[in-house]
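J.: Sequence lines, in order, name chains A and B. Sequential numbering of the first sequence, starting at 99, is according to our numbering. Sequential numbering of the second sequence, starting at 196, is according to our numbering.
Hint data in this document are derived by calculation from the structure and do not stem from the laboratory. Some hints could be false.
Stated by the list, open to error - Derived DEER-like restraints, expressed as beta-carbon distance ranges:
| # | chain 1 | residue 1 | chain 2 | residue 2 | range |
| --- | --- | --- | --- | --- | --- |
| 1 | B | SER209 | A | ASP152 | 14 to 20 Å |
| 2 | B | PHE213 | A | THR210 | 37 to 43 Å |
| 3 | B | GLY224 | A | ASP152 | 21 to 27 Å |
| 4 | B | GLU264 | A | THR103 | 27 to 33 Å |
| 5 | B | LYS263 | A | GLU167 | 31 to 37 Å |
Computed from a prediction, not measured in an experiment: that's the story for all the values here. Backbone N, C-alpha and C define an ideal beta-carbon position, used for all residues, glycine too.
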Amino acid sequence: DGGITQSPKYLFRKEGQNVTLSCEQNLNHDAMYWYRQDPGQGLRLIYYSQIVNDFQKGDIAEGYSVSREKKESFPLTVTSAQKNPTAFYLCASSIKEGGDTEAFFGQGTRLTVV
Amino acid sequence: GNSVTQMEGPVTLSEEAFLTINCTYTATGYPSLFWYVQYPGEGLQLLLKATKADDKGSNKGFEATYRKETTSFHLEKGSVQVSDSAVYFCALTSNTGGFKTIFGAGTRLFVKA
């Protein structure tokens, strides 16, 4: 089955550590996105990528980094510079950037700083 | 810039009640409009979409009409069920916004049996 897979589902991080969230898709989509969702809040765009080896900052990129070495993979690293990383992180992909095509979402990763 | 505003929740209804969740947008160009639904602990799923003025999107008993004159895309359902309890997000993409998807803040719906 085609889809988008995020792992792990739950992640705990100690303060000062970097952690990497995985996002893989087998939909052959060009565009991929990372969003952050805080309790009772909407989605805020962290980074997005239209094509392999290219990515753009979203609205809240500080303290995060990404790579897009393969079309199917778009991992997100939450660095120690991110002061408030506890949140629900959602990865999405679409067949092309925006337009009238829908975004497909993963099941999310809940990151907690302990 | 482009933006989406939707009514604050939570919205609490009894089963079989009529549902309206208001959504208005600001965008230049010709945006496409979407409603997504998020069930507890999960990602978002597309519920319906409309790509041009006066289009009506519909799915699972939900519908929304793209109203350019009022810049609105209100979500409606004639008879809600307990299983419709979720968070609903209105969203848009626009060629003038770099095609990024802009989401509203979400509206939580509780349906009581």
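J.: None of the hints should be skipped; say for each whether it holds.
T.: Here is how each hint holds up against the structure:
Here the CB-CB span from B/SER209 to A/ASP152 is close to 50 Å, at odds with the stated 14 to 20 Å. A beta carbon spacing of about 39 Å between B/PHE213 and A/THR210 agrees with the range 37 to 43 Å that was offered as a hint. Separated by about 23 Å at the C-beta atoms, B/GLY224 and A/ASP152 satisfy the suggested range of 21 to 27 Å. At about 42 Å, the beta-carbon gap between B/GLU264 and A/THR103 misses the expected band of 27 to 33 Å.
The supplied range of 31 to 37 Å is broken by B/LYS263 and A/GLU167, whose beta-carbon atoms lie about 41 Å from each other.
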